[in-house]
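Generate the whole structure from the sequences, applying the supplied hints.
Here are the chains, one letter per residue:
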Amino acid sequence: MTRPFAILVVEDGTEYTDAFRNLAATPLELVRASDLEEARRVLAGRAVDAVFLDVVFDRTAPGKLAGDREELIRRFGGDRPRAERHLAENQGFYLLAELAPVLPTGIPVVLAYDFSAEPGRLAALRKTWERLVGLPDGTPVTQVLDSLLAEVRRQSGDDPAEPGGKIPKR
Amino acid sequence: MIAATAGALVLLAALGDCPEDAATLAAEADSLVAAGVPRPDTASLDRARRLYRRARVLAPSPAYSLRAADLACAAGDEEECGDLLSEAAETSPGSLSTSDRLVLARRAESRRAWRHAIVQYRALKSSAPDVSLASWADAQVRRLEIEEEAQAIPAPAAVPPPEARLALAEARRALAAGDLPKARERVGIAQRLAPGYPEAALVLAGLETREGRVPEAIRAYRETLAADPNRVEALVGLANLLWDEPDRAAKEEALSLTDRAAASRPDAPSLLRTAALRWAEWGDAPNALSRLDAYRRRVGPEEKRTTDSLRETLARRVDAALSGAVPPEEAEAPELSSPAVDEWKVAQAYVRRGDAASLAAALDHLREAERRDPTFAPAPELAGAVYEKQGDLSLAQKAYERAIAADPARAATYDRLAFLLARQPGKETEAVEAWRRAEQAGSSEAPFALAESAVREGRRGDALALYRRYLAESPGGVHTEEVTRSIARLESRQRQGRGALGAAAAAFLLAAAFLAFRRFGGRTFAEWIRANPARAREARPVVGRLRHEVVKHGGLLLADATKRLSEPDAEARGRTAALLQSRLFGGSGARGLLAESADAFERLRVLAREDGVRLNLERKDPLFSPIAGGCAILRRLERPLSRIAEDGDADPGTVSRLERAADLFGSASGAGISRALDDASSTIVRRSDLQGILEAICAEKGLDPCPALEWKGPELAVRIHRADWETIWRNLFGNALDASSREVRLGVFSELRRDAVTGAPVARIVLADDAARPLTSDMIRGRGADRGWGIVADLLRRSDGSADVSPAPAAGFAKGVVLEVPAVEPEAPA
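Residue numbers (the working numbering), protein chains in the order written: chain A, 1 to 170; chain B, 171 to 1000.
Calculated from the structure, these hints are not laboratory results. Watch out, some of these pointers could steer you wrong.
[Claimed, not checked] Which chain A residues face chain B? A few, computed with CB under 10 Å, are given here:
hint, residue
1, Phe-76
2, Arg-80
3, Arg-85
4, Pro-101
5, Thr-105
6, Arg-126
All of these numbers come straight from a predicted model, not from anything done at the bench. Ideal Cβ positions, reconstructed from N, Cα and C, are used throughout, including at glycine.
The following block contains the structure:
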C-alpha cells in the first residue's frame, strides 16, 4: 500500500478521531464525518480502506439521524422522544444499514459495540455487511488499528487471515 | 295539553263512534267486563279499554284512570297500566290501593328510578292494612335508599397506565432533587397519559404550592379529591390553602375539609388541633371545643398543657350547639369500567351507615363484586376497611393483599396495608416492607413512615433524606409540622455528632467502623437489581451509557496513552497528555469520561435509594469497583496531566498511576454488568409456566377441563419483568377463553427473530386460538382498547414490545395474537 491507510470515522464528536490521530503507531489518514449525509459525501468523493462507526450519537440533531423516525415513532406507540432517543443510542447500527449499499466492496467496518456476549447479533449483522467487526470493551486504540490494517492487508492478498474476525481484547 | 286533546279527538274520529258522554262510555265498558260475567275475552277487553280511553278524553278523572289501569293490567299491558296508575297518583294520591302502589313501586325499581320507588313504598307503608305489610314496605324503602345512595357514588378512577406511573416517578425524583421544571414536565406527561390520576394531581398540587401558584394548587388538589375523595394529603393541602384565602366561602370549605381529614386519620391528632384552632378563629366555640377535647384525649400531658388556656377560653364561650358541614362538590373523574362497580357502590353506601348489619351487608356486596371482577381492586380494598372496622385484622390483611394482587399500582391499598400492619405488635418488619412497596407505588405517606422507621433504627441520614422528600412532595401534608420539627432535630444532632468526634479514640473507632461500613456495607448492583428486577428498565440505559462512554473509551485510551507518555518524544508526550486531559475532564462539547462515570454511578445510586437500598459500587461491587477505582486514580491526575501537556515532562509517578488505572479499566467487564441485568430481570418463556397461568384462569372461570396448551418453538428468555409477563398472559388467556362459548383450542408458537437494523434479538410469540369471535389489531392496542387488552398493550410498550393480530399460524386455528418482545441473546453453543 503506497498511500497511508485511510479510515473514515463517523462520530458525533471527535473523540475517536483524536484518539486515533494521537495514539496510532502507524501513519494514518483520518477522514471524519459527523452524520450519514457527510459520510455518504466522503464515500462518493474518495477511496477509504476502512470505516469506523461510533454507536451513540446523542449530540446530533434528531433530524440528521439516519433511520426511519416515523416508523419508530409508530413502533413506540407515538412516543417521539423515545423514538429519537432510540435512534441516537443505536445510530451506529442505522448508519451501517444506510451506508452498506454505498460502501466499497470488501472493506472492513468497525462498529464501536461489544458483541462478545452477543455473537448471534454480530452474525445477523454480517448479513448486512460481511466484514463487520465489533469493538470489545477495553480494547486499546493500537489494537483496533492493527486489526483493521491486518484486515485490509488480507483483503489485498498480503495476509491469509480469516475474514471478519473481531478485534481481540488485549 | 292542546296537543293531547287534539290527539284524542283524532283518536275518537278513528274509532268511528259518535261522541257520547263519559259516564255512558264508562258504563258500557264496565258492562263488558262486569263482575259475574265470565272472564272477558280479548275483544271485549280491548273494546272496554277503548271506551275508557274515550271517557278519559271527555272527562278526565282519577276514577276513570284507575279503572282503565285495571283493564290495561288485565290485558297484560303493564306499561299503560303503570302510566294510568301514575296519572291517578298525581291527581288523587289517596285513591290508589296498596296493590296499585306495589305496581308503581316495582315499575320504578325496574327502571332504577330509586327515588320514585321509595315514594311508592312509603305510600304503600302508610296505607298498608296490616303491620307486616308496612314492615315489609319499610324494608324495601331502606334497601332502595342504599341503592339510591350507591348510584350517587362515583366509580373509582381508572388504573393509570405504566407509562403514566413511570412519568410520575420521574416527576417525584425531580421534585425531590429540586428540579421543578423537570418535575412539572413529567407530571404533565403523567396527567396527559392518565387524566384524573390522583397521585399525579397530588404531586402537581405540591409543586404549585412550592412555587406559590395558589389557584393552580387549589385546582390540582380538587382534581385529586375528585378521583380519590378521601385522600388525606389533598384534604389537608387544600384546607391549608383555602384557609389562607380572604373569602368566607373558602374558609368554610377549609373547615369542612379539615374535619374530614381529621376524621380520616384518627392517628394524626395534630389535625384535630388544627381543626379546633380554625373553628375557634372562625368564632364557633362549640365546634372548636369538641375538636380540642378530642385532641386532648389523644395526646400526652405536655401537648395537653399547651392547649389548657385555649380550652378555658373556649369553654367560657360555649353557648351553642354543634353544627355540621357540607362537603364540597367534586369534579368528575374518568370511571373505572368493571362489572363489579355497581356492587361496590352499594357496599360503599352500606359502609357509610357504619352499623353492624350494614357492614355485614357491605361485605356480601363486596364478595359479589370480587366474584364478578377479580381484577377490580377497590372491592377487596373496601372489604379490608370493613374487616378493620369489625376488628378482624387478619381478614383485613388478606383483603388488602387481594387488592394489591388485583392492582399492584394502587398506592392507597399499600398505605392501608402498611397502617394495618404497623398497628399490630410483632409485625413492624412487615409494616416497613409494606411501606417500601407503598413508596414504590407512589404513596406520599410512605416517605414519612419510612423516615420514622429509619429514626427508630438509628439511620439518621436516611431519615433526613426521607423527611426532606416528604416535605418536597407534600408541603401541605398531614405531617408537615412534625416533619419540620424532626428535620430540625436531626440536623441539630448531626451538628452535635460532628462536634463530638473530637475525641481521638472515638474518632479512631468511628473511622474504623466507617471504613468497614464503606467496604462491606450496602449492596452490590447485582444484589439490588436481583431484589428489584422491575428497576432493570431504568437501569439499562444508564448501564449502556456507562459501558459506551466510560468502559469502552477508557479501555481505548488509557493503555496506549500510558505507553506514549513513556516515549522519549516530549512533544508526543505533551500531545498525549492534552488528549487525556480533554477526554478525561471534558472539552470540545463532550462531558469527559470522569463526569460520565460519576453521573452514571449517581443515577444508579438514586434509583436504588428509591428502593431503600444503599449501593456500594465503589468498594464492594466486583463489576463496578474497577471502574470506580480507575476513575478515582484519574481524578487526581488533572494537574499532573496539565503540567505534562505544557512542558512534555512526564514524571514516573503519573505514568505509574495511569498504568494502574489502565489495568483497572482493562479488567472492567461491561458485558458482565449487562449480564447481571439480564439475569435478574429477564423471564424465561416456558410451556409449563404458561400452562400454569392458563389453568389458574380456567379455575377462576370455573372451566373444567382446561384446554392443554399446544406448543411449537424454543423456550426463550425475554427482557420483561416476570410479574408483567404473567399479567400479560393472564389477560391473553382470559380473553381467549371468553371469546368462545365452547372448548377453545390454544397454541403458542415461539421463535427468535432479529431486528432488521440493530440485529438485536426479538422474541416473537404467537397465541393462536380457534375462537370465531373477530379480533383486529386496533381492538387490542392502546388505551381505547378494552381493559384487558389495554393492560397488555401498556405492559408490552413499557418493555419496548408490541402486540398485533395475525392470521392463523397453523391449520386448525382461526387467528393469532402476536407478541414481540426484546429477547436475551441465546448463549452461543460451546
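Taking the hints in turn, this is what the structure says about them:
1. Phe-76: 7 Å, holds
2. Arg-80: 12 Å, violated
3. Arg-85: 8 Å, holds
4. Pro-101: 14 Å, violated
5. Thr-105: Thr-105/A check fails; min Cβ-Cβ to chain B is 21 Å, beyond 10 Å.
6. Arg-126: Arg-126/A check passes; min Cβ-Cβ to chain B is 9 Å, inside 10 Å.
In this structure, the earlier hints numbered 2, 4, 5 are contradicted, and the remaining ones agree with it.
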